[in-house]
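Participant: Here is how the chains run, residue by residue.
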Amino acid sequence: MAPRQRGATDPAGERELLSAGDVARTVARMAHQIIEKTALDAPSAPAVVLMGIPSRGAPLARRLAVKIAEFSGVEVPTGTLDVTLYRDDLRRGPTRPLETTSLPEGGIDDRLVVLVDDVLFSGRTIRAALDALRDHGRPRAVQLAVLVDRGHRELPIRADYVGKNVPTSRTEDVAVLLDEFDGRDGVVLK
Amino acid sequence: MNPLLLKGVLPYGEGDPVDVLVRDGVIAEIGAIDVDDVETIDGNGAVLLPGFVDLHTHLREPGREDTETIETGSKAAALGGYTAVFAMANTDPVADNAVIVEHVWRRGREVGLVDVHPIGAVTVGLKGEKLAELGTMAKSAAGVRVFSDDGHCVHDPLIMRRALEYSKALDVVVAQHAEEPGLTVGAQAHEGEQAARLGLQGWPAAAEESIVARDCLLALHAEARLHICHVSTTGTADVLKWAKARGTKVSAEVTPHHLLLTDDRLSTYDPVNKVNPPLRATADVQALRRALAEGVIDCVATDHAPHAVQDKDCEWSAARPGMLGLQTALSVVVEAMVKTGLLDWRGVARVMSERPAEIAGLPDQGRPIAVGEPANLVLVDPDATWTVRGAELASVAGNTPFEGMELPGVVTATLLRGRVTAGRIPA
Amino acid sequence: MKHLLSTEDLDRATATSILDTADNLKRALLGREVRKLPTLRGRTVITLFYENSTRTRVSFEIAGKWMSADVINVSAGGSSVSKGESLRDTALTLAAAGADCVIVRHPASGAAHRLAGWLAKAGTSVVNAGDGMHEHPTQALLDAATLRERLGSVEGRRIAIVGDVLHSRVVRSNVHLLSALGAEVVLVAPPTLLPVGVRNWPVTVSHELDAELPSLDAVMLLRVQAERMHGGFFPSAREYSIAYGLNENRLGLMPEHAVVLHPGPMLRGMEIASAVADSPRAAITDQVRNGVHLRMAVLYHLLAHEEETS
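Residue numbers (our numbering), protein chains in the order written: chain H, 1187 to 1376; chain P, 1080 to 1506; chain C, 62 to 371.
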């Protein structure tokens, strides 16, 4: 497929916001930010774990872990946290298939959990994730890393690490494409 | 009674329309009739048949008047084209003595819509242990001519043999509900693929066939008459053919539902389809139709069995078996036998009127449509259809398996000895 | 999905989806302090059991409670049922009282289907926990889940079901489900315990257990149910056990990887030898454990979505 021009509008009404290269750079930058803010490479470092929220939060978490290891030499345990069972809107649609939950090695008790998701929107997914996390144990602290923050929060939730802020209207849709799922990397606005 | 003119009717559905004048309870004239001042029914080319005779009906009185009475049952019968019905003995109390049968007889006459002939039990209380007073019942005012423990099988071979022998002197017929009880303990549905799939205890065909075979042998041996109720299996039809070929004096009936419905209907577990003997497989339905057409099975009998809502609107195993049949019989026979080309209207007359009357020994029913014969007649519109609704039927109960079905053949008028008992009453 | 009445209604995709949900629920609960999920909070689930059963009822109760539903148990023999109240009236009463879901076990085949019909207007979901000789869908699902866990997959596997096929609802549910999932099913029983028409089922039929053992990936033993039989199905318990009991010898005739399942309760010494029941090849306790997650998954699929308007 021919490389897309950043900002070009697709005949389907899509506009590319981040190219594959942009995504890689953004993830690298976020990795640096996490290392810095959590000081996970310091001798008295708190134990940090990454929990990706399926679907796309999971590969993002793994990529961040790879970059963090590359830049700091620290291997951060990674897991996935399915929030489907904690959603507040299950009865508004058809049956949602569950995703996988797997706790990172060593669990989450007394650790600094960084939740990882692709897009932050109303904040309800993160609210569900916090509830899910609470039933798994007692982290020392919880932070949030998202690739895209598109605004329109409905709950008092904010991200600690944001890849890109994308102001949108409610009717627009922001999609994060990842090679693991979509065959290529990118962020598009529909 | 006033004379009645039936204009433009087709006796046995044959030939050109004729007019039939009925006077003093008999057929007075057949031909092109122009008379003034006579009540007239416009036949409009309707088929004229002898009034139907049902050898097997449950009128539930005495005992279960919440489901049917002699009055409501008579209404249903007349609407179905019947001029005579035989009321089974499994009432409460059982009709095993002259008192009960005379009550049923009298009540039927009081209502006057159809000739109700009580059937007497073969054994006391239907228990199968001791013969009931067949002679007293036969000689009573009720004039019982058919005896049956229907609902139960006379399964003790010695009792059955004695009943057959004893019946000879009375010139009556013993009608057997053929079901070997040892093979049907807990049975719920025909022992076949459907019951296996649905987890319903099976009622094997052999339970019916083994008794039919046994009783045919006993009847031949005793030179007595035997009648088999509600034949339901291919095997029974085969046994009857064999028995008749050997000269056995056996007759047999089949219900309308066994000519049309199969155990495919069981998937919904709706007990409106639960009946004894059960609905069987397609092959059985085909075999029964052929046997009826060929005369191996002599006649159609409804086994009309009204049941209360609470006995049907429940889980399958808790439901009582039985289906309504009087008002839908003709239509189902048309659907299963006439439309398929297996019977013409003469054949319908034979299986629904002439043969049953013969078997029961009724001198005034199932007679030819001819001058001088009793005017027990039924007019049928062969082309009309109607939709069956249990709630609209005359029976107190509404348990019809044909609910919602559109069926062919509508009874437009029934005459009992020249009097209109159902249908278009002339203005 | 509105009801779970029989596995005959489940196509491969739906069945697999339920099994996957059960898997994910199992993983979601792993290592947790709080073994509770909020998903069915505020939903009312009533178990209506007309037959004695501790294991199935407790399994459903735990499943409902771990999903935060309010679970109430009604057993016939207590209260109005023993006063002669009909099944229909009992069910309508429960629906009117606010049940979102009724889990029913009843000795009459078809009872769950009839219940679903009577409760259609109230919109209550019905789960068949065993109706007479007809079906026991959650048992078959948990059996399939256990087979998946132990063997890796069900597709292409050869599975024998041994015992009283005629009267068993477990068998009927398993035959539908295992065939839908692509397994090969062999039914092993004396002729008296096989239903008429079994030859038309998607199975192979055999009267010789020993001949089948070497080619099996799993064997499922059915309890020989004394209370359902009217006698005459086989001469004696001893003869049955000799011909069809899974003893240690027979276990040895099976491939190494093959597993043994039993829906329980077991009659040790009859259809299964004690040593076999306790061996690591037997997955019976796995079945019970999987049963809870499976039933949670079923409740999830029935109750955690938009209300269907029929």
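Possibly wrong hints are sitting among the right ones.
Stated by the list, open to error - Here are the simulated lysine to any residue pairs, SDA-like style, with alpha carbons at most 20 Å apart: (1) C/K126 <-> C/K144; (2) P/K1418 <-> P/K1320; (3) C/K63 <-> H/G1279; (4) C/K87 <-> H/P1283; (5) C/K144 <-> P/E1259; (6) C/K87 <-> H/S1205.
If you are wondering where the hints come from, they were derived from the structure by calculation, not from laboratory data.
Participant: Next, verify each hint and record whether it holds.
Facilitator: Results of checking the hints against the structure:
1. C/K126 <-> C/K144: Violated, at roughly 30 Å.
2. P/K1418 <-> P/K1320: The hint is violated at about 25 Å.
3. C/K63 <-> H/G1279: Distance ~14 Å between C/K63 and H/G1279 Cα, so the pair holds.
4. C/K87 <-> H/P1283: The given pair, whose Cα atoms are some 14 Å apart, holds under the 20 Å limit.
5. C/K144 <-> P/E1259: 34 Å, violated
6. C/K87 <-> H/S1205: 38 Å, violated
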